[in-house]
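Asks: These are the residues of each chain, in order.
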Amino acid sequence: MRTAPLSAASTSPELQIRRSRALPWIALVLVALAVLPMILSSYQVSIATQVLIFSVLAMSIDILAGFAGRTPLGHGAIFGVSSYVAIYWTSTMGGDIWIGIALGVVAATALAAVFAALAIRTSGVYFLLLTLALGMIVWGVCLRWTAVTGGENGLRGIGRPAFIADHVSFYYAVLVVVAPLTWAMWRLVHSPFGLTLRGIRDSESRMRSLGYNVPLHLFLAFVVSGFFAGVAGGLYVLFNNFVSPSTVQLSQSVSGLLMAITGGIGTLLGSFVGAAAIIVLENAVSAYTARWQSVLGVTFVLIMIFAPEGVVGRARLLLARRRSRSSTQRRSGG
Amino acid sequence: MDRRRFLKTTGLTLAAGTGVLSAPFVARAQNAPIRIGLMAPQTGVVAAGGREIIDGFSLFWESAGNQAGGRKVEILVEDDASNPDTALQKARRLVEQAKVDMLFGNLLANTGLAVANYVKGNGTPYFIPVIAADDLTQRARIKNVIRAGGYSASQFPRPLADWALKQGYRKVAMISQDYTFGHEQCGGFAQTFTEGGGAVVGQFWHPLNTSDFSPYLGQIAGLNADVVFAMETGADATRLIQQYASFGLKDQIPLLGAQNATDQSVIRTMGAECEGIVTSAHFAEGADLPATQAFVKTYSDKFSKIPSLYAFSHYVGAMWVTKAINTINGKVEDRDTFLETVLKTDLPDSPLGKPVRFDDYGNPIYDVVIRKTAKNKDGKFWNVPIATYPQVSQFWKYDPVTYMKQPPYSRDFQGIKKA
Numbered sequence: 000m001r002t003a004p005l006s007a008a009s010t011s012p013e014l015q016i017r018r019s020r021a022l023p024w025i026a027l028v029l030v031a032l033a034v035l036p037m038i039l040s041s042y043q044v045s046i047a048t049q050v051l052i053f054s055v056l057a058m059s060i061d062i063l064a065g066f067a068g069r070t071p072l073g074h075g076a077i078f079g080v081s082s083y084v085a086i087y088w089t090s091t092m093g094g095d096i097w098i099g100i101a102l103g104v105v106a107a108t109a110l111a112a113v114f115a116a117l118a119i120r121t122s123g124v125y126f127l128l129l130t131l132a133l134g135m136i137v138w139g140v141c142l143r144w145t146a147v148t149g150g151e152n153g154l155r156g157i158g159r160p161a162f163i164a165d166h167v168s169f170y171y172a173v174l175v176v177v178a179p180l181t182w183a184m185w186r187l188v189h190s191p192f193g194l195t196l197r198g199i200r201d202s203e204s205r206m207r208s209l210g211y212n213v214p215l216h217l218f219l220a221f222v223v224s225g226f227f228a229g230v231a232g233g234l235y236v237l238f239n240n241f242v243s244p245s246t247v248q249l250s251q252s253v254s255g256l257l258m259a260i261t262g263g264i265g266t267l268l269g270s271f272v273g274a275a276a277i278i279v280l281e282n283a284v285s286a287y288t289a290r291w292q293s294v295l296g297v298t299f300v301l302i303m304i305f306a307p308e309g310v311v312g313r314a315r316l317l318l319a320r321r322r323s324r325s326s327t328q329r330r331s332g333g
Numbered sequence: 000m001d002r003r004r005f006l007k008t009t010g011l012t013l014a015a016g017t018g019v020l021s022a023p024f025v026a027r028a029q030n031a032p033i034r035i036g037l038m039a040p041q042t043g044v045v046a047a048g049g050r051e052i053i054d055g056f057s058l059f060w061e062s063a064g065n066q067a068g069g070r071k072v073e074i075l076v077e078d079d080a081s082n083p084d085t086a087l088q089k090a091r092r093l094v095e096q097a098k099v100d101m102l103f104g105n106l107l108a109n110t111g112l113a114v115a116n117y118v119k120g121n122g123t124p125y126f127i128p129v130i131a132a133d134d135l136t137q138r139a140r141i142k143n144v145i146r147a148g149g150y151s152a153s154q155f156p157r158p159l160a161d162w163a164l165k166q167g168y169r170k171v172a173m174i175s176q177d178y179t180f181g182h183e184q185c186g187g188f189a190q191t192f193t194e195g196g197g198a199v200v201g202q203f204w205h206p207l208n209t210s211d212f213s214p215y216l217g218q219i220a221g222l223n224a225d226v227v228f229a230m231e232t233g234a235d236a237t238r239l240i241q242q243y244a245s246f247g248l249k250d251q252i253p254l255l256g257a258q259n260a261t262d263q264s265v266i267r268t269m270g271a272e273c274e275g276i277v278t279s280a281h282f283a284e285g286a287d288l289p290a291t292q293a294f295v296k297t298y299s300d301k302f303s304k305i306p307s308l309y310a311f312s313h314y315v316g317a318m319w320v321t322k323a324i325n326t327i328n329g330k331v332e333d334r335d336t337f338l339e340t341v342l343k344t345d346l347p348d349s350p351l352g353k354p355v356r357f358d359d360y361g362n363p364i365y366d367v368v369i370r371k372t373a374k375n376k377d378g379k380f381w382n383v384p385i386a387t388y389p390q391v392s393q394f395w396k397y398d399p400v401t402y403m404k405q406p407p408y409s410r411d412f413q414g415i416k417k418a
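The listed protein sequences correspond, in order, to chains A and B. Note that numbering that gives the first Met the number 0 numbers the first sequence so that position 120 is 119, with each residue one more than the last. Note that numbering that gives the first Met the number 0 numbers the second sequence so that position 85 is 84, with each residue one more than the last.
Simulated from the structure, these hints should not be mistaken for laboratory data. Some hints could be false.
To be clear about the criterion: a stretch of chain A counts as covered by chain B if any three or more of its residues have a C-beta under 8 Å from a C-beta of chain B, and this derived list gives those stretches [as the list claims (entries may be wrong)]: (1) 173-179; (2) 234-244.
Across the chosen pairs, the derived CB separations fall in these ranges [said to hold, decoys possible]: (3) B:Glu339 - A:Trp24: 51 to 61 Å; (4) B:Pro347 - A:Ala109: 22 to 32 Å; (5) B:Asp359 - A:Ala109: 25 to 35 Å.
Quantities reported herein were computed from a predicted structural model and do not represent experimental measurements. From the three backbone atoms N, C-alpha and C, an ideal C-beta is built for every residue, glycine too.
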């Protein structure tokens, strides 16, 4: 799969210009997201909330898939373990929900560390398969360890705290969490650490001969990515109030990955577009036909044919092309 | 630039999404239709059963002229995809966007439990003719969740165990799918059987979708059991029954089953290998009762197959709730009165052929029939009653309060009485 052209590798004056240009846009998006609940019905607000939560999962996958060149198929499991731990803590142990979520994130991060330790030495399809297998183990445990996980029936939560009980205030709460998380991930992939990851993606052997500790970088990237997936899992507990093996199963990992791919692998923020596209499509299409899954399938095939870089990735490419054309013209004119 | 592009695409997607999602919702007037949300798996592992849920449910509403309590009834069908997360999503959609007055349906226990937990928070009446998870009408009862037309998992195996003891069987080997529904059905059987003096000589839990039963059947053959109890659904049931016959066990050890094992959805396509299996249920399609046969005929004429448990339960569930809606003249908006009325409603004239009522926990009390598979005059196999246990509640002969003090059935707790 091609990835979108690098952006942060650009020279610093240009970067500054882009930053100053970006600020009004960021402000506009935030305002738009803040105004959204006022124009949507309460059910639509819950869909928007779901989009925000899954964007975080998709971005966490994009950190590995888009920037480190390692496509994981086990992030659904990391996400779900966080949910399981949080719900177990609240409904079975009777604990506080915030501590539960914190424990969930810790558990997800720890699980990611285990996955990472096992998987980072592989790449390509082996990495894919190994993370898939590890995710399946988690799914198997959740399904069979009935005494703790409730088996097939899953675990039911105790509901959201009163101050975020209605959809609108919960939406804002999620937005307040997701915005800084997004910023953190953006900073991460554009930091020197993120640049190193891209170097590893493009040529592992060159990075190694330049003296970079490749396994350590990949390990950290995986753990950090797992942390973000864990936070998404914690938010999902508040949203769904229920967890079952279907939350940790392969299709969850795949749907997270599909969101990242639809938005554009390696674009990070494309995850928002991907998550919105998939979740909105799911809800809209299923209202009209029972064959909604087929419609989704066809849509993915079309995206892969016409925009293999994803929606945002494709847009970037087109834009970059136009820009280079206009700059050539300017040069020849001057 | 990329950010700008991102904004544009995001904006467009959101705008498009908003447009589609905000399909016009008309505010309800006084005499607006009653809206009922039906959730059934139309995709995923149990899609075939989901189809029959929709068939049975809509068959009733057609016969009722889509009317209840003097109001029109509007049915909104949603696919739960055999997945609890999807089921939750669809339930939210039906309740919050489509503003349904009540929910019906779901097939798999995990989807039902997820939706039940959701309606617990908002009080929407939810009727579950198939979801059998014991605790929904026992230890974790939710006021607005009622098993109209349904049953709890451990309810029917108990009379079957009693019947087995009366046949002189003393040693049972049990085989079941390894999930809660199986644990609960086997628990009901094992507890009654051992408390009545029987012994469980072996219990085998196999994963869902087991294709080869030979390792289990081989062990069962060596246990010297008087009788075998099988708790299987869907394709597993078909395979177990076939392999039980081809291993030659059919002629050696009688086979008992949970009602799902010989449900029409399983034996419809089977031959002599399914003959003579004894199960217990609230319904036997081969019962010689006018109401039952009328229903079976209507259904078979329309869908060219004998109704399964899924179709039947939803037909009866809809009938039951409709009777309550008629009593309160269609005022389903008053939820407390509505739910109270449903619980107080007896159903004398359903395809069951016998009157039924609810216990204090929202679970029906049925005359449970012990049924045996036999060939009907068209050469198709169906379940024919051979004995009846009148008025069996989900608590069998126990006191409800004492009973609920014992833990729910699981792989580790089967209520087996130590000899």
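Asks: If a hint holds in the structure, say so; if it does not, say that too.
Replies: So, going through the hints one by one against the coordinates:
1. Counting residues of the stretch 173-179 of chain A whose beta carbon lies closer than 8 Å to any beta carbon of chain B gives 0, which falls below the threshold of three, so the coverage claim is violated.
2. For the stretch 234-244 of chain A, the stated coverage by chain B is satisfied: 4 residues place a CB nearer than 8 Å to a CB of that chain, which reaches the threshold of 3.
3. Checking the proposed 51 to 61 Å range against glutamate 339 (chain B) and tryptophan 24 (chain A) shows it holds: the Cβ atoms sit about 56 Å from each other.
4. Taking 22 to 32 Å as the suggested C-beta distance range, the pair proline 347 (chain B) and alanine 109 (chain A) does not conform, at roughly 60 Å.
5. Distance hint check for aspartate 359 (chain B) and alanine 109 (chain A): the Cβ-Cβ separation is about 46 Å, which falls outside the suggested range of 25 to 35 Å.
The structure is inconsistent with the numbered hints 1, 4, 5, although it conforms to all the rest.
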